[in-house]
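**Q** Below are the chains, spelled out letter by letter.
There are 2 protein chains.
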Amino acid sequence: MENDPRLSLRLHFAQGLTFGRGKADLLQAIAEEGSISAAGRRLGMSYRRAWALVEEMNSHFPKPLVDSSRGGAKGGGASVTELGAKVLAEYRALEALLRDSSQLEALRHALSDVNDGK
Amino acid sequence: MENDPRLSLRLHFAQGLTFGRGKADLLQAIAEEGSISAAGRRLGMSYRRAWALVEEMNSHFPKPLVDSSRGGAKGGGASVTELGAKVLAEYRALEALLRDSSQLEALRHALSDVNDGK
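Read top to bottom, the protein sequences are chains A and U. Each step along the first sequence adds one to the number in the numbering used here, with nothing skipped, and position 46 is 46. Each step along the second sequence adds one to the number in the numbering used here, with nothing skipped, and position 28 is 28.
Incorrect hints may have been included.
What the hints assert, rightly or not - The following label-pair restraints were derived from C-beta to C-beta distances:
{"hint": "1", "chain 1": "U", "residue 1": "S59", "chain 2": "A", "residue 2": "G22", "range": "28 to 34 Å"}
{"hint": "2", "chain 1": "U", "residue 1": "G77", "chain 2": "A", "residue 2": "H12", "range": "31 to 37 Å"}
{"hint": "3", "chain 1": "U", "residue 1": "S69", "chain 2": "A", "residue 2": "E105", "range": "26 to 32 Å"}
{"hint": "4", "chain 1": "A", "residue 1": "R99", "chain 2": "U", "residue 2": "P62", "range": "54 to 60 Å"}
{"hint": "5", "chain 1": "U", "residue 1": "E56", "chain 2": "A", "residue 2": "S69", "range": "47 to 53 Å"}
Honestly, the hints are just simulated from the structure, not real lab data. Bear in mind the structure is a predicted one, so any value in this text is a computation, not a measurement. Ideal placement from N, C-alpha and C gives every residue a C-beta, glycine not left out.
With these hints in hand, go ahead and build the complete structure from the sequences.
**A** Dropping the structure here:
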């Protein structure tokens with residue numbers, strides 16, 4: 001399994017939203033930390049940056065992905081909404097779809113023939 | 001279909017090779033143009049850059065993906081090998097797997113509820 005490739009999957013939607021691992025990891029960290037600032041810290045991201053990503057996501061979906069109504073400018077709690085959890089789950093499922101695909105296995109195999117001997 | 005997201009799929013292999021749309025498009029263009037320089041031109045890429053990508057790919061696989069033995073420093077013919085065609089096909093199949101997935105459809109749907117009305 002150590003040959004498992006790291007996947008970068010970025011989705012560029014027609015509405016102008018780009019959704020990739022950065023936003024997915026942020027949603028997950030917010031869900032686990034219960035706070036945007038703590039999530040940002042965990043990911044080595046400034047609060048400002050984390051907040052900007054949350055605002056970008058929230059503004060593109062019909063309902064917010066993150067509810068920060070309990071938080072103030074510099075802290076307070078935040079939670080991932082039902083829609084946010086769904087978006088995160090679908091993205092993770094796409095990653096898993098890739099990771100478990102026969103195509104990725106074939107590419108890994110094509111590469112490893114020579115490198116296994118190194 | 002105009003809401004179809006553009007996908008960026010980049011695979012980072014343990015061997016140090018990164019393979020994404022840039023290299024896939026280059027392989028495809030070489031196969032169609034029969035030349036690295038013509039492929040680079042079509043993609044708006046310098047010959048130097050196209051050649052560097054080809055060398056990077058060739059050095060990571062047990063056999064070359066591109067055969068440029070007929071070409072000189074500044075031109076000549078090049079072709080995509082059987083292994084190169086296989087790698088390209090597997091990558092395109094991964095893209096298709098994503099594009100046709102129920103997960104991507106769900107994300108698209110989650111986004112479009114509000115934006116359809118704009």
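**Q** Look at the Cβ atoms of R99/A and P62/U and judge whether their distance stays inside 54 to 60 Å.
**A** violated, 23 Å
**Q** Does the beta carbon distance between S59/U and G22/A stay inside 28 to 34 Å, or does it fall outside?
**A** Given a distance of about 30 Å, which is inside 28 to 34 Å, the answer is holds.
**Q** Taking 26 to 32 Å as the stated bounds, is the beta-carbon spacing between S69/U and E105/A within them?
**A** holds, 30 Å
**Q** Does the hinted range 31 to 37 Å hold for G77/U and H12/A at CB?
**A** Taking Cβ atoms as reference, G77/U and H12/A lie about 35 Å apart, which means the hint holds.
**Q** Given the hint of 47 to 53 Å, is the C-beta distance from E56/U to S69/A inside that range or not?
**A** holds, 49 Å
Hint check: a violation occurs at hint 4 only; the rest are consistent with the structure.
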